[in-house]
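Let the sequences and hints guide you as you build the complete structure.
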Amino acid sequence: MINIQIYPVTMLETNCCYLVDEATGKAAVSDPGAQSKQLEAQIDRDGGRLAYVLLTHGHYDHICYAKQLADKYGAKVVTGRHNDVFLRDGYLNGTARHGIPFTPFSADILLGDGEVFRLGETEITYLYTPGHTDGCGIFLFDDVMLAGDLIFRTSYGRTDLPTGDDLKMAQSLKRVKELDGDYQIIPGHGPLTMLSFERKFNPLMRRL
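Everything in the sequence shown is counted per our numbering, starting at 1131 for the first residue and increasing by one.
Check each hint, because a few of them may be wrong.
Said to hold, decoys possible - Okay, derived cross-link-like pairs now, DSSO-like style, lysine-lysine, Cα gap no bigger than 27 Å in a straight line:
1) 1330 - 1298
2) 1330 - 1304
3) 1167 - 1156
4) 1156 - 1206
5) 1167 - 1197
6) 1156 - 1202
7) 1202 - 1167
8) 1206 - 1167
9) 1330 - 1307
To be verified - Pairwise CB distance ranges, derived in the manner of DEER restraints:
10) 1324 - 1236: 32 to 40 Å
11) 1333 - 1206: 36 to 44 Å
12) 1141 - 1331: 25 to 33 Å
13) 1220 - 1308: 21 to 29 Å
Hints were generated in silico from the structure; no laboratory data involved. Quick reminder that beta carbons are idealized off the backbone N, C-alpha and C, glycines included.
Structure follows, in structure tokens:
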């Protein structure tokens, strides 16, 4: 079981999540698009046991503090195989277009679709869900979905940025819709929602 705290970062209010495995105290952070001193203070209070930095996709508002945070605590950067190129390409991740200082880096662990790893005693599953970008993926654990910019409350991620694709977005949302059971969805931005709610009220998901 994982405890979750959310620290919004960047001007786009990215939902950066602090995840702590209850049984072991090992921790991970997802999508640190910018520094949060409050988050780092909490990591320090918990003994600095950060094992992973998880990246749902490679846009600047989700990755710009990933390498610095990982290096500070000796953590490993984890993302999907298709996303690694975004961590090295300022055009793809948007830093070049927005004039944001950025040092390219590579992930330490690259996951394939359906691959499972552990944070302490909790299993985390990675699913490849392209559409918003060709590098997008989601993380599933307990009854929680770290959805990145795949899905928002009654909406979904834009597809007009480099490598975005309408058809792949629809296919990924259909795949998520057909998952067994229900999940609390933590999107990349905005309020939390439930998969059961999105199945009924998300306009695109209802049509799939």
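Results of checking the hints against the structure:
no., hint, in the structure
1, 1330 - 1298, "21 Å, holds"
2, 1330 - 1304, "13 Å, holds"
3, 1167 - 1156, "19 Å, holds"
4, 1156 - 1206, "13 Å, holds"
5, 1167 - 1197, "16 Å, holds"
6, 1156 - 1202, "15 Å, holds"
7, 1202 - 1167, "13 Å, holds"
8, 1206 - 1167, "20 Å, holds"
9, 1330 - 1307, "10 Å, holds"
10, 1324 - 1236: 32 to 40 Å, "35 Å, holds"
11, 1333 - 1206: 36 to 44 Å, "38 Å, holds"
12, 1141 - 1331: 25 to 33 Å, "28 Å, holds"
13, 1220 - 1308: 21 to 29 Å, "36 Å, violated"
When the structure is compared with the earlier hints, a violation turns up for hint 13 alone.
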